[in-house]
Each structure stands twice: as C-alpha cells, then as structure tokens.
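Undergrad: Sequence order for the protein chains is A and B.
Per the numbering used here, residue 1 is the first one in the first sequence, and the count goes up by one each step.
Per the numbering used here, residue 1 is the first one in the second sequence, and the count goes up by one each step.
It should be emphasised that the hints constitute simulated quantities derived from the structure, not laboratory data.
Heads up, the beta-carbon is just placed ideally off N, CA and C, and yes, glycines get one too.
Among the hints, erroneous ones may be present.
As the list claims (entries may be wrong) - Capping the alpha-carbon separation at 30 Å, the derived lysine-lysine pairs in DSS-like fashion look like this:
1) B:LYS100 to B:LYS46
2) B:LYS100 to B:LYS23
3) B:LYS33 to B:LYS46
4) A:LYS279 to B:LYS108
5) B:LYS33 to A:LYS281
6) B:LYS215 to B:LYS100
Claimed, not checked - Quick partial rundown of chain B residues pointing at chain A, CB under 10 Å, derived from the structure:
7) SER12
8) ASP30
9) ASP47
10) GLY49
11) ALA51
12) PHE86
13) ARG303
14) ARG314
The chain contents come next:
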Amino acid sequence: MSEFEMVQLLSPTGERVHHGDYDVDFNDEEYRGLYRDLVMIRRFDAEATALQRQGELGLWAPLLGQEAAQIGAGRALAPQDMAFPTYREHGVAFCRGVDLVQVLSMFRCVDLGAWNPAEHNMHLYTIVIGDQTLHATGYAMGVAKDGAIGSASGTATMAFLGDGATSEGAVNEALVWAGVFEAPLVFFCQNNQYAISESTDHQTRVPLAGRAPGFGIPGIRVDGNDVLASYAVTKAALDRARMGEGPSFIEAFTYRMGAHTTSDDPTRYREGSEVDAWKAKDPISRYRAFLTNNGLADEDFFDQIDAEAEANAIAARTACLALPDPAPLSLFDNVYANGSPPLERQRDEFAAYLDSFADTEEAAK
Amino acid sequence: MSTMTMGKALNSGLRTVLDNDPKTILMGQDIGKLGGVFRITDGLQKDFGSARVVDAPLGEAGIIGTAIGLALRGFRPVCEIQFDGFVFPAFDQITTMLAKMHYRSAGKLRLPITIRIPYGGGIGAVEHHSESPESYFIHTAGLKVVTPSTPADAFAMIQQSVTSDDPIIFLEPKRRYWDKGEIVEDSNDWSALHSARVVREGTDATVAAYGPMVKTSLQAADAAASEGRNVEVIDLRTLAPLDLEPVFTSVRKTGRLIVVHEAPMTLGLGAEISARVTQECFYSLEAPVLRVTGFDTPYPAARVEETYLPDLDRVLDAVDRSFDY
C-alpha cells in the first residue's frame, strides 16, 4: 500500500525535495508563519489533552502528529472557501480564525458547536463519521449553481474525512455525487493509519487515493507530515475546484501519534516501535530543520514562538475554565426555527417544577 | 455464584454463546484487539479468532447488511453498534430489510441477528453518545427490543437473544455497565426473555421503568418509603413485545402508574403503556398515567444532561402529583 507515489517537498530530515508538478512560492515571512501555526496548534492540543486528564473536558480528540496535514490544508484555503471538518480539525479551525476556546467548549460539553460557521467559512464539527462529506458536496453544488466558480477568485469547498470514514456509505455517495455533478470540491482525507483500533487495511486493500479515480475523481497522495507538500497539493486542488475544473481527492498520509480520543488506549492495538518509526518523521522537527538549514529562522525565533504558543495555550485554558455551564432551561432553546407550542408548554411546566424547589429552599430559610 | 459488573456479565454471556454454537459470530467496530470501546468483547477475539470476532470496516449499514447475508447462509451474527447515535446509517437495513424478511418470505426465512447497542445518557459524553432510540425500533414490526437493568439479566438476556430466531435489538444501558451484581454462571434458570418483572413490591403507586431508569426508580421508591409511600417498581425488560400483565396487575392494586424513561416523551414507550393501561385498568385508576421522561428536544450538551434526564426528584414529584388527583 505504501508503494503508491506520494508527493513530498521536504524529506523527513528537512531536505527540500524537488517535485515536477508541485511547488510552493513563499517569502521568508510566510515560511516562518507556517512554523508558528504548527507549534501553536501542537501546544494548544497538548493543553487540551491535559485539560481532559484533569477532568475539565469530557473528551478530547488529539491532533498530535497531524499538524502539517491540517496546517497545510488550512492555509491553502482562501477566505471565501468553505471547510467541512470532522471533529479533529483543530488546526484547520485555527487557520480559519475560530477562537480555540470555542473548539474546547464542545469537548467541555457546554455546547454542541459554538462558532458561527458563516463567520469563519468553516462548518461545525461533525461527530458521526463521514456525514459531512455529503454536506460539503451539496454546498459545493450550490456554489456552482450560484456561478461562484470559473475564476481565480472562485469559491472552493473542502470536505475533511479520515481513513475509516471511506468505508461509510455516506462518503461513497459523496464521491458519486461530486463526480457526477463535477462539484467544485476537495476531499481532504487524513489517513492517520487508524480508525480507533483498526489499521487502514481494515478499510481498504488499495491506497485510498487510488479509490478516487473509480468515481471519476483524480486521487493524489501527499506526505501529510510535510507541511509544504500538504499546502502545495491542496492549493492546486482548490484552484482546480475554484476554476470549475471539478473535484479532487487528496490522501494525506500521516499518523495519529496519540490516542483516538482521551477515552482510547492505543497500547492495546499497536506497537511502540511503530510509533517510534513515525516519531522520526515528525512534521515539526522536519520543518524546523528545513528553516534552520536554509537560514530562514534562528533559535531566537523558535524561542519566541514557543513562548507565544505557551501563552496562547494558558490563555485558552483560563478561558475554558471560565466557560459557564448552560442554564437548565436553555436546553429547550433553538429546537425549531419557527417555534413549537407543545414544546413551549413542556418548558413552562418544567420551569414551574424547578421553581417549586426554589419555594422549598425559601421556606427552609 | 459470582459478583461481576454488567459489562463483564455481557462478556461472559457472549463467551458462552460463542462456545456453544460455532455458527455464532461477532461483528463490529473495534471489538477485536481493542475489545470494544467499552471492553464488552474483551479477550473474545484472542480466544475465538478473528474469523468469529470480526473487526468490521467503519460502516454501520455494512455491518448489518452483511449480517443479514451471513444469517441467510446459516450464521448467527451478533453485531455491535458502537454508540446509540451511530446506528442510523444502518437504519434502512434494520427497519426495511431485517425486520421484514421473515414476513415477506411467509416464514421461509429466519434472521437470528442480535444488534447490541450501548444506549442512554449520564456519562458526560459528546453529541451522539447518549441517545435513547428505542421507539424507532419498537415502532417497527418484526423487531424485538430488550434491555437488561442488572448484571444477572444482562448475562441471561444476551444468551437468550442470541439463541432466539428473531432479530433482536439489544439495548445496553451504558451508564450501568460498571454496576455490580450476583450471577449464577452455570445455571440457565432464567425468566422468559420477553417478560416484565416486579423488582420492588408496593401498594400505593406503580412505577414502570426499564434499562438505566430501573435503578433510578428504585432509589425514588426508597425515598418515597421514607415519606410513608409504598411504591411498587416494575422492570419492563422487554420493550417489544411488551409484557404488560404485571403492570395491569400492579395498577389494579395501586391505582396509580408512573412510566419512566430517558427517551423523549412524545411517542415514547410511556405513551403506549398509558393507552393500554387506560384501556385495561380504567376503573382501577385513581389518577391519570403520568410520564417522567427526557424532553422533546435533541439530547443536550452533557453539562446540562442532569437537567434533561429523569432523576429521583422528578420521579418522586410524579408520585406526589399522582396523589393530587
């Protein structure tokens, strides 16, 4: 399965690799910006994992190891583009300007999705595996119907998914629809090698990128631990979509260094040696080596980014701990756009029931 | 006799059915090496092999659809759906295929498939991990739906379900997985699978509950006793087909009935029970049948789930209101 051609612009040791079809055109500032993104999101992710361990989040789905895939894809998106994430796209959320405290709040279980999708052109997280790929396809079809494609300022849509999701009917239907309607869409599949405990060979006998052509969609495999290649490949696919040239499927070949979620125990299903082998391909140390070797950044810069990431993580923690619990009656809000009299009665009866305790407490004083 | 958690009791019951019948196979996501996200199948793949304890691709419709095919070929599949909120991609296979095939083949085909689903809330989980979807399945003719409330029932009922020739939705009250109870492992002197049971005798009011709410109702009955009210509690155990005779008998004695479930009120099982008790026990009722249920909203964020879920106070309040008539 690993024999499939994989686009790479940086070797695991940080050497720049030439590729005939893909390249990046960054200035020094932009190169350094990507490093900042990678470090900021890794540090935030570590803080979120710690918050869960301390009982402050109900759950956390760590992105550890997948930073380059997400930052590459997230930075390739133009402001007008629309992203449909899974529940692990914290790096993409960061790139889309979502307040990371709003990412934490869903995992703290104080809400079911906090940010305004229209404000960031990023849909809410979807937990049911693969469902969002159909939403992304429909959204992209709408973009095409609106005529918002066909130029360099056209709108592209990106559907995020994982390796496990490719087995879901919904994802296969999304691929059918996107192919048939030539939707201006990019499927960005992070193959992190595991769907909870199941390695990718439980889902497919061929490379995931190799499945796309059967749907009439070009498939590209990129080194998901290489931020430059992830960016370049995604940018090309997004440009293809925005120009009206149809959908693409990207398999970002990466590795989930941590647990599926904080409820998971990966030592039950994979060897430490496998994890160690992927550690050697770490997306951040590779990129840091590249910056250093090319004189794009020095120790002062790295220290400064570490300090900023630390401060950002601590600020997120503080804001997370300050998130108020939802008011009891708020669970009745927003069930319907146009209201429901029976539900309003149910809420009122329950409010009266809650008030009866207040009366009792008053009487006890 | 040994003491074990409900999770271990289910594991032990599954081990027994795998031992007893080589055609019984387990299928689900992460049920092999990992032993399931709740470890209900822990160790079973190691002991019975990956051909009989199958880590399925990540597709719920695929799990149920291929289980139907395997059953047509003479196998007895036991499927695990990882969480209640993830069953819906398989809803078509369950309700339009699995439920109807015996009927449309005029009895020629049998589909002895058990679908295990951890359900219900109270564990502080994220969205789609706390739902009570039983009404969809109860409403579908051809499916049977059962749910244990104790380790002993879990141990017996999983074996009875797997050996039944009907498709059975086996709902596991996930927040009670860690509750302990006594189990006689080498006995099969069990209640019939589709039977309800009085779990606490009383004379003043009847509370009917199932799955996770049985424990809550028993706690409420204890609290009511301290206020001088003697509440009878019935564990329904089987939701389809319903066994309502014990409920009718109880209501004829107490004159008052409260039905408790986590699922939303509208068209929940409480509605059906209320209608049938009203019909059968009309002249015995001292008060209308009351319901204590989840609200008619989506399952809320877990930080407010204690408000959504029926609790001891809400059950007690309903008992009190029942005496106001």
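Undergrad: Hint by hint, where does the structure go against what was stated? Just the numbers, ascending.
TA: Structure breaks hints 1, 4, 6, 7, 9, 10, 11.
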